[in-house]
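J.: The lines below spell out each chain.
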Amino acid sequence: MSKHVLSLLVEDKPGLLTRVAGLFSRRGFNIESLAVGTSEIEGLSRITVVVGVEGAPLEQVTKQLNKLINVIKIVELDAETAVQRDHMLIKVKTDASTRSAVLEAVTLFRARVIDVVSDALIIEVTGDTAKCAAFIKVLEPFGIKELVQSGVLAMGRGSKSITEKVLK
Amino acid sequence: MANEVLTGAEAIVRSLELLGIEHIFGLPGGAILPTYDPLMDSKKIRHILVRHEQGAGHAAEGYASASGKLGVCIATSGPGATNLVTAIADAYMDSVPLLAITGQVGSKLIGTDAFQEADIVGITMPITKHSFLVTKAADVPATIAAAVMIATTGRPGPVLVDITKDAQQGKAEFVWPPVIDLPGYKPVTKPHGKQIQAAASLIAESKRPVLYVGGGVVRAGAHKELLKLAELIGAPVVTTLMARGAFPDSHKQNLGMPGMHGTVPAVTALQKSDLLITLGARFDDRVTGDVKGFATGAKVIHVDIDPAEIGKIRFADVPIVGDAKEVITELNQELSALLKKGQPDLGEWWTFLDGLVERYPLGYTHVEDGKLSPQHVITRIGELSGPEAIYAAGVGQHQMWSAQFIKYERPNSWLNSGGAGTMGYSVPAAMGAKVGQPDRLVWAIDGDGCFQMTNQELATCAINNIPIKVAIINNSSLGMVRQWQTLFYNERYSNTDLNTGTDTIMIPDFVKLAEAYGCLAIRVEKEEDIDKAIKLAIETNDRPVVIDFIVSRDAMVWPMVAAGLTNDEVQYARDAAPVWDGIE
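The listed protein sequences derive, respectively, from chains C and F. If you read the first sequence in numbering that gives the first Met the number 0, its first letter stands for residue 0, the second for the next number, and so on. If you read the second sequence in numbering that gives the first Met the number 0, its first letter stands for residue 0, the second for the next number, and so on.
Wrong hints could be hidden among the right ones.
To be verified - Lysine-lysine pairs mimicking DSBU-like chemistry, simulated, CA-CA at most 35 Å apart:
| no. | chain 1 | residue 1 | chain 2 | residue 2 |
| --- | --- | --- | --- | --- |
| 1 | F | Lys511 | F | Lys406 |
| 2 | C | Lys66 | F | Lys193 |
| 3 | C | Lys90 | C | Lys62 |
| 4 | F | Lys311 | C | Lys12 |
| 5 | F | Lys406 | C | Lys72 |
| 6 | C | Lys159 | F | Lys189 |
| 7 | F | Lys511 | C | Lys66 |
| 8 | F | Lys43 | C | Lys12 |
| 9 | C | Lys90 | F | Lys227 |
| 10 | F | Lys185 | F | Lys251 |
| 11 | C | Lys62 | F | Lys511 |
| 12 | F | Lys189 | F | Lys68 |
| 13 | F | Lys223 | F | Lys311 |
What the hints assert, rightly or not - With the C-beta cut set under 10 Å, the calculated list includes, among others, these residues of chain C facing chain F:
| no. | residue |
| --- | --- |
| 14 | Glu10 |
| 15 | Lys62 |
| 16 | Lys66 |
| 17 | Ile68 |
| 18 | Asn69 |
| 19 | Ile71 |
Please keep in mind that the hints were generated in silico from the structure rather than gathered at the bench. Every value quoted in this text rests on a predicted model; they were computed, and no experiment measured them. Yeah, the Cβ is synthetic: ideal placement off N, Cα and C, and Gly gets one too.
The task is simple: from the sequences and hints, build the whole structure.
T.: Encoded structure:
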């Protein structure tokens with residue numbers, strides 16, 4: 000299955016997320032991750048969705064999304080021309096004997112410790128999907144108690160903006 | 000001058016009037032009551048009170064499909080709204096321009112499981128082109144205008160506007176024309192010039208082209224342009240279930256309907272073609288059969304107003320996004336110039352196809368159980384009523400026979416539930432069609448199963464002077480299901496007997512039922528009485544007419560491509576496959 004990152008510029012209307020998510024489920028498309036938030040323009044939101052494409056080609060996904068009245072624009076953001084970032088919070092079991100090893104991994108991965116108690120740390124890490132996966136692998140032996148992550152966020156490189164030309 | 004201040008309810012009625020809406024089908028209830036009050040005073044809008052909201056939905060569909068205008072239905076919240084769901088889904092599948100207005104509980108009650116509350120916007124999201132929830136009176140005009148625009152432009156479809164009771168009761172300045180703000184909605188109607196050129200050159204080179212015509216041509220009103228295109232190329236034309244009438248059946252290039260119950264020439268023409276000129280059709284599984292084995296030697300030109308249809312099922316060598324009318328007009332111009340240099344020689348192709356037309360005409364075997372042949376009944380209805388009439392079918396065997404044995408000469412004369420396959424479509428759709436086209440003769444050709452799903456609208460027809468004719472093709476069973484049980488389930492007839500035939504307990508007796516609804520009711524059991532009954536029905540216009548035709552349950556729909564097989568395996572009668580020779 001190949002993965003594609005789509006960035007959607009959408010009108011911020013009630014039910015918008017249901018429309019997008021419902022479309023994926025009823026057409027049999029796979030959502031790998033989804034991140035939603037406001038954009039720099041009032042009334043418009045950005046959705047970054049990672050699509051797993053198997054049977055249905057990506058073209059069908061984007062065409063069907065484009066039919067949603069509240070979807071204004073869709074661009075595919077590939078790894079070469081866009082930056083892609085995951086954001087994670089990880090709660091790791093630690094004690095006096097393991098803490099320094101965990102902190103070393105935190106430094107190596109340029110992560111941050113944001114909460115400390117005697118038997119655990121909460122670590123925040125940002126990076127592309129591969130880096131985050133590698134970091135989890137390193138932490139696993141210590142015991143991951145909890146893990147939460149945002150969907151992938153992506154933005155095209157350079158000075159151009161997705162909202163250009165869209166709004167007259 | 001200051002704008003007039005109206006209640007939201009008054010604004011709904013005023014907006015509809017200003018948008019040219021003349022007919023609404025609906026049924027009131029608590030959450031839509033505020034709107035029914037000003038509706039009573041409207042001089043421009045005739046509201047027709049149905050007996051079930053599903054009837055309102057299908058009536059609005061029939062109205063739209065027969066007239067080409069927008070159909071409008073209205074219902075209250077909760078069950079009123081959910082009763083519209085089947086009709087909305089039907090309109091979505093068949094691209095019918097439909098506006099559904101529903102009342103909703105007060106905005107402060109939303110989410111509290113209030114009496115007659117249902118999240119109809121959520122429920123209908125997958126089956127509407129778009130939907131709106133209105134919670135403020137001030138938003139009414141712009142929302143109604145936007146809904147109508149979305150429903151009627153681009154690929155037509157159903158749009159739902161759910162309006163809370165407090166939005167109907169609140170007051171606001173009525174601003175008209177309102178500002179419609181839909182930055183994400185820009186349907187492409189004008190085709191790309193380069194694609195037109197590419198299509199024209201493929202057509203000029205083709206030796207075995209077929210015009211594969213779908214319902215999009217009917218919705219776009221592109222039949223005249225299609226006729227010109229077909230005669231310009233000289234290619235055979237096949238009209239799908241949704242496109243019957245888009246091209247005259249009397250035209251010698253028309254091979255009829257393709258698909259599961261298509262004619263042998265139409266099915267074979269697609270199968271052996273080297274170029275499918277696809278116009279407003281969507282490679283439905285009922286047309287393609289097993290898609291891997293469908294028209295394997297053909298290149299594809301695919302014209303559709305909905306870009307998502309192109310390449311969804313079948314790769315398009317030349318994709319053209321645009322309105323069928325505009326596309327065909329431009330294609331005609333391009334081809335006229337190109338074909339002056341030389342007309343493609345389709346001689347060999349036509350020799351092959353003419354052979355099929357001669358050997359495998361549409362036909363049927365007469366039944367031997369003393370009952371009527373349904374195909375004969377339907378043929379006579381068509382012959383005695385003519386091409387200016389409108390025919391609305393239910394779903395099943397009678398639908399296929401109506402598509403096959405009535406000769407259609409004009410678009411919008413054939414109404415049916417193609418994509419959704421909604422049993423019960425026929426009577427309310429015919430009612431809506433008669434309202435939209437009062438001067439035309441309108442038939443509902445229905446099955447005994449379908450008829451029992453929506454016949455309550457006979458009351459609406461009788462009371463409101465909507466004199467439709469209903470022909471029940473009564474084989475006392477769920478005929479199409481029974482046919483499959485005959486062919487694929489060892490004649491084990493699980494739950495398909497309906498006991499409406501004359502040799503059964505006859506529950507209900509359709510003649511008594513129709514009479515109870517104030518209709519002229521006729522039962523026909525003998526072949527010699529068929530014409531007499533049809534003529535009496537045609538002459539009777541002071542009330543609806545119901546004819547109960549007692550037909551054989553052994554009659555089956557042929558030709559047939561069994562589900563899951565390729566179109567190469569079409570049979571024109573049971574265990575009888577056509578012989579194809581003369582072409583690779």
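J.: Does each hint fit the structure? Answer for all of them.
T.: Hints, one by one, checked against the model:
With a CA separation close to 32 Å, the supplied pair Lys511/F and Lys406/F stays within the 35 Å bound. At roughly 24 Å between alpha-carbon atoms, Lys66/C and Lys193/F fall within 35 Å of each other, so this suggested pair holds. Restraint check: the Cα-Cα separation between Lys90/C and Lys62/C comes to about 40 Å, which exceeds 35 Å; the hinted pair is violated. Restraint check for Lys311/F and Lys12/C: the C-alpha separation of about 28 Å stays at or below 35 Å, so the hint holds.
At most 35 Å may separate the alpha-carbon atoms for a hinted pair to count; Lys406/F and Lys72/C exceed this at roughly 46 Å. Our distance criterion of 35 Å between C-alpha atoms is met by Lys159/C and Lys189/F, whose separation comes to about 29 Å. In summary, the hint linking Lys511/F to Lys66/C is not supported, as the alpha carbons are separated by about 49 Å, beyond the 35 Å threshold. Pair hint Lys43/F plus Lys12/C holds up; C-alpha atoms about 33 Å apart against a cutoff of 35 Å.
Distance hint between Lys90/C and Lys227/F is unfulfilled; the C-alpha atoms sit about 72 Å from each other, more than 35 Å. Using a Cα cut-off of 35 Å, the hinted pair Lys185/F and Lys251/F is violated, with the two alpha carbons roughly 39 Å apart. In summary, the hint linking Lys62/C to Lys511/F is not supported, as the alpha carbons are separated by about 52 Å, beyond the 35 Å threshold. The straight-line distance between the Cα atoms of Lys189/F and Lys68/F is roughly 22 Å, inside the 35 Å bound, and the hint therefore holds.
Taking the CA atoms of Lys223/F and Lys311/F, the gap is near 28 Å; set against the 35 Å cutoff, the hint holds. Annotation: interface hint on Glu10/C holds; nearest CB of chain F at approximately 6 Å, less than 10 Å. Taking 10 Å as the C-beta cut-off, the interface hint given for Lys62/C holds, the closest approach to chain F being about 4 Å. Contact between Lys66/C and chain F, as hinted, is supported at the beta carbon level, the nearest pair being about 6 Å apart and thus within 10 Å.
This hint holds: Ile68/C has a C-beta 4 Å from the nearest C-beta of chain F, less than the 10 Å allowed. For Asn69/C, the interface hint holds, since its Cβ comes within 10 Å of a Cβ in chain F; the closest pair sits about 6 Å apart. Interface hint at Ile71/C: satisfied, since its Cβ lies 4 Å from the closest Cβ of chain F, which is below the 10 Å cut-off.
The structure does not agree with the numbered hints 3, 5, 7, 9, 10 and 11 stated previously, though it agrees with the rest.
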